[in-house]
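2 protein chains.
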Amino acid sequence: MDKPEQTADSEFRYEAVVKFIDDLIDSGALAPGQKVPSLRKVSKARGVSVSTALHAYRMLESKGVLEAQPQSGFYVSANSVVQMGKPSVMSRSTPVRKVSSGALVANMFELAGDTDLAPLGCAIPSPDLLAASQLDKFLARMTRTRGKHANTYAPPRGVDSLRAAIARRSINWGHAVSADDIVITCGCTEALHLALKAIAQPGDTIAVESPNYFGFLPILQALHLKVTEIPTDSIDGISVPALEVALEKTPVKACLFSSAFNNPLGCLTSEEKKNQVLSLLNRHRIPLIEDDVYGDIFFGKERPRPYSAMEKAKNVIYCSSFSKTVAPGYRIGWIASSGYTDKLAAEKYATTLCGPTLTQVALGEYLNAGAYDNHLRGLRKSFAANMAAVSNTIADTFPAGTRISRPEGGFVLWVELPDDINARAVFDLAIREGICFAPGDLFTTSNNYRSCLRISCGYPWNTQIERAIWKLAELVVVQRNAQT
Amino acid sequence: MDKPEQTADSEFRYEAVVKFIDDLIDSGALAPGQKVPSLRKVSKARGVSVSTALHAYRMLESKGVLEAQPQSGFYVSANSVVQMGKPSVMSRSTPVRKVSSGALVANMFELAGDTDLAPLGCAIPSPDLLAASQLDKFLARMTRTRGKHANTYAPPRGVDSLRAAIARRSINWGHAVSADDIVITCGCTEALHLALKAIAQPGDTIAVESPNYFGFLPILQALHLKVTEIPTDSIDGISVPALEVALEKTPVKACLFSSAFNNPLGCLTSEEKKNQVLSLLNRHRIPLIEDDVYGDIFFGKERPRPYSAMEKAKNVIYCSSFSKTVAPGYRIGWIASSGYTDKLAAEKYATTLCGPTLTQVALGEYLNAGAYDNHLRGLRKSFAANMAAVSNTIADTFPAGTRISRPEGGFVLWVELPDDINARAVFDLAIREGICFAPGDLFTTSNNYRSCLRISCGYPWNTQIERAIWKLAELVVVQRNAQT
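Chains A and B, in that order, are what the protein sequence lines are.
By the numbering used here, the letter at position 330 of the first sequence is numbered 341, and the numbering carries on one by one without gaps.
By the numbering used here, the letter at position 324 of the second sequence is numbered 335, and the numbering carries on one by one without gaps.
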């Protein structure tokens, strides 16, 4: 159900105030510790009621952006930049291993759908932050106007109009892809699956970042591929020297790296470094499969350009989806590559034949209508605010020595506990308390990250989440005491 | 757009007359050559206008069910049972081969979407015969009432309500499956892909019927599987003696057979024979993957029961979809198995993670609303009529010695040309004339079926299709003359 007009309006006005203050802080016009304009002033300046302004300030307070001081007013939170160490990095690449993802990953996928748990587990955006109602309106319209026509198999490569819409958007990521070079997939999972199948044979070795998204492991296992993990820093991404050594000593068939905001680290690799990686891969004639599902969720000024848009890009298969930004429920991802399209289309019809037709048509119309960019702007603000609030609360509540990532995009945090506290043991305690997170051991084939955890910040900050983090901090201490 | 009320009404009345006459013929009350009730009589008996009755009789005439005799009236067509030889059967199983499906199959999938071609090629039902508007209404309603809630990842096994609805329907095929044992897939293609992955390793050999659906071959190839083809008759299905010999001499890892109306043969295997096959497989401890996409499209009195519902069923994975009966555009299939569910769910999240949520929810609601069975009844009649009209026209126009299948379900015909006429060469001529069909060489890894073709009867009989078959008959003769 749509909300009544008036509420929608006042919601819009309150968000405008939030954005106004956020922008002042972003631009440096308001520094940490500084007093923000009074409610009276801001209500006059933005043409809103004082109660709307107060609502906006209370929201900024709950996100940890502002702090209220009694009888004085609101101040920019000094905490708004978290002062904690960054998580540690593996010292060297892991040996080549067969992948066996097994029950732990399966359990994680099962827990993803459990709405009774505090939503810090799987990297799923809150339906409240997504544009379901807008997109669904296009879908409902398509059922009326195009339903019969669309009730037939789509081409294996996907519906032409959606491929064209994606090709037009590719300008945003600095790499003009032709619609002919795009294959639509069932989310990024199928995109990665098909890309790996198109390049590698059973027994081949794939290099991935470490830690890497635990969903990669079942794909590699299903395709009978081996893996070597390359040390990756939570700030600036993969270690080029470690990659260089790994490629010298290991016959790597392909690399599978994140384009931006690696899940779980949230790291941002510079363009200079991306070109270094590509030069290295070109020298060894190794193709790169890149996963850019988080690329549109950047907190900085500009969208990070993927590997495929770099000067040195030669043999790159680009994979992405709309699951993290608008419609996890639609399961629409895509691959863009110039040299592999026919091969990928053949792998597509051998795996799922083709994707659903009507949802592709609807998404294409939605993208063409231009609503997506506006939605993305709001979404980035929300995720940044959620992440700041979660970070600040972890900083306030977790034991000293806890390290935490400082992502410039995406919506997950990587936390390293001090004193070798076993995160899997904390997880077992947390699930019993109705709290889900992703323990670090999921994100590797090695024995690393046993004291790490990934926290999803895909849901708007609220008291349930706040209490869950407080509780988590308690359980971390309980586990530390149990270990000593 | 829905049609105006009045038209829909009169369309319904005319269809009732068609059904009335069809039923009289089906029951034997009207025999071939016999005169049918006069227009005046039938209009009185059915409470319709004479022009509606005439419309119904003309339609039955166009389908080859009735023949008009000037100044005399309408008669049951003597041709309505085609008198042609049945296609020949391979003499023995093929040796084990690697599968290489390649460009011909890819070309076929590309042509599937070409609406300029006469639709005798891919096995796609006409959107006019499907229940798109009914199902889409459920989808549109779901966008309004459940859109936000559904805009999240579904469980890898699929949406619970849809799995429950399918489990309830499984009673129709004589095998009460538990919802817990169902995994929803992206059409039957993904179902077969996951089932094969769950059972076989690269290099293993799979036994299939011969000829078999050409879409199997890319799946087997993608999974690095080998194949042996077992002789299969267009009337009563697989040869048990040939299967027995093949299993004695070949280490077959699994069998992949059709439950009913094998595409392209349309054969119907008796329950006795199904139990013989299962006993043989049980003795060799070989699992059976069965493909039942055509099971709901039976022309006889009862739905054929699949292998999984037989007494001897022990190790059977059941695969099906809604693509041939209601929604090829939705891409929803499923697997039902008792021993493999966890393994299949793991293969599912390694391949596509999960299916779209809202379309699953909508299909579940549609099935629960009870409209599907009514739709199926009409659809079976339509396909049977189309198939009869195509068969009769082929009988009238193709060279003497042409053999043709007489399926009791599904909507494809298998035609064997006389005199070693090369069907691939006819195909090349036909495509230039805007006519598509599936040449026989697609349906095997062997050199068989070079003078065979599959004709899809998924579209209602009309003059475009009639002309296409006449033209095809001409081209067959042109090719025969070119060969001699």
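Honestly, the hints are just simulated from the structure, not real lab data.
Just so you know, not all the hints are guaranteed correct.
Same chains, same names: a pair is fine if it fits in one copy or spans any two.
As the list claims (entries may be wrong) - In silico BS3-like links for lysine-lysine, alpha-carbon gap of 25 Å or less:
hint	residue 1	residue 2
1	392	159
2	264	30
3	46	97
4	159	46
5	323	260
6	312	97
7	284	52
8	109	264
9	323	109
10	97	392
11	97	260
Results for each hint:
| no. | hint | verdict |
| --- | --- | --- |
| 1 | 392 - 159 | between (39 Å within a copy, 20 Å between copies) |
| 2 | 264 - 30 | neither (46 Å within a copy, 62 Å between copies) |
| 3 | 46 - 97 | neither (29 Å within a copy, 90 Å between copies) |
| 4 | 159 - 46 | neither (60 Å within a copy, 38 Å between copies) |
| 5 | 323 - 260 | within (23 Å within a copy, 54 Å between copies) |
| 6 | 312 - 97 | within (23 Å within a copy, 71 Å between copies) |
| 7 | 284 - 52 | neither (46 Å within a copy, 86 Å between copies) |
| 8 | 109 - 264 | both (14 Å within a copy, 23 Å between copies) |
| 9 | 323 - 109 | neither (31 Å within a copy, 38 Å between copies) |
| 10 | 97 - 392 | within (23 Å within a copy, 69 Å between copies) |
| 11 | 97 - 260 | neither (30 Å within a copy, 62 Å between copies) |
Comparing the model with each numbered hint stated earlier shows that hints 2, 3, 4, 7, 9 and 11 do not hold.
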